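**Student:** Sequence:
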Amino acid sequence: MLSVLIASLGFATGALAANETIRPAGYKPIAEDAQLGEKLFNDTKLSTNGMSCASCHANYGAFSASFAKPYPHAVTMAKDQLGRKSIYLDEMIQACMVMPMAAKPLPWDSRELAGLTAYVQTLQKTFKPAH
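In the working numbering, each residue's number is its place in the sequence shown (first place is 1) plus 938.
Hints listed in this document are in silico derivations from the structure and should not be mistaken for laboratory results. Among the clues, some could well be false.
To be verified - Straight-line Cα separation of at most 30 angstroms, DSS-like style, residue types lysine-lysine; simulated pairs:
hint	residue 1	residue 2
1	K966	K977
2	K983	K1063
3	K966	K1017
4	K1007	K1017
5	K983	K966
6	K977	K1042
7	K1023	K1042
8	K1007	K1023
9	K977	K1063
10	K977	K1007
11	K977	K1017
12	K977	K1066
13	K1042	K1063
Since the model is a prediction, treat every value here as computed from it, not as a measurement.
Using the sequences and the hints, build the whole thing.
**Tutor:** What follows is the structure, encoded as structure tokens:
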């Protein structure tokens, strides 16, 4: 009985965190320096498990061919784990915060989210999908 309760609480927490990866109503992305984002991309302090964005994405690792497409677009991880058909880049960053990095999403109006988004956009511009 206790394991069922714990499992249901875990599911509820996961669903709540997944909802926090969706842009809030009236949200307007803010601009930020990609240099801040580059520092954060490599910072393990953003996670609760010692990971950074670079843990999965160093040298374009773990980016699928769709990463070259303009956002919003379909991302397999977002579809499989969040049931999302299409996702914006800042939402995907929030999803990575929640899932692989096991952390809370960043505040939507934060310099950190804006910086990470700006930096990942620079990576996207130079990304060449494998054929």
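**Student:** If a hint holds in the structure, say so; if it doesn't, say that too.
**Tutor:** Each hint tested on the structure:
no. : hint          : verdict
1   : K966 / K977   : holds, 23 angstroms
2   : K983 / K1063  : holds, 26 angstroms
3   : K966 / K1017  : holds, 24 angstroms
4   : K1007 / K1017 : holds, 16 angstroms
5   : K983 / K966   : holds, 26 angstroms
6   : K977 / K1042  : holds, 19 angstroms
7   : K1023 / K1042 : holds, 22 angstroms
8   : K1007 / K1023 : holds, 14 angstroms
9   : K977 / K1063  : holds, 18 angstroms
10  : K977 / K1007  : holds, 24 angstroms
11  : K977 / K1017  : holds, 28 angstroms
12  : K977 / K1066  : holds, 23 angstroms
13  : K1042 / K1063 : holds, 28 angstroms
Checked against the numbered hints above, the structure breaks none of them.
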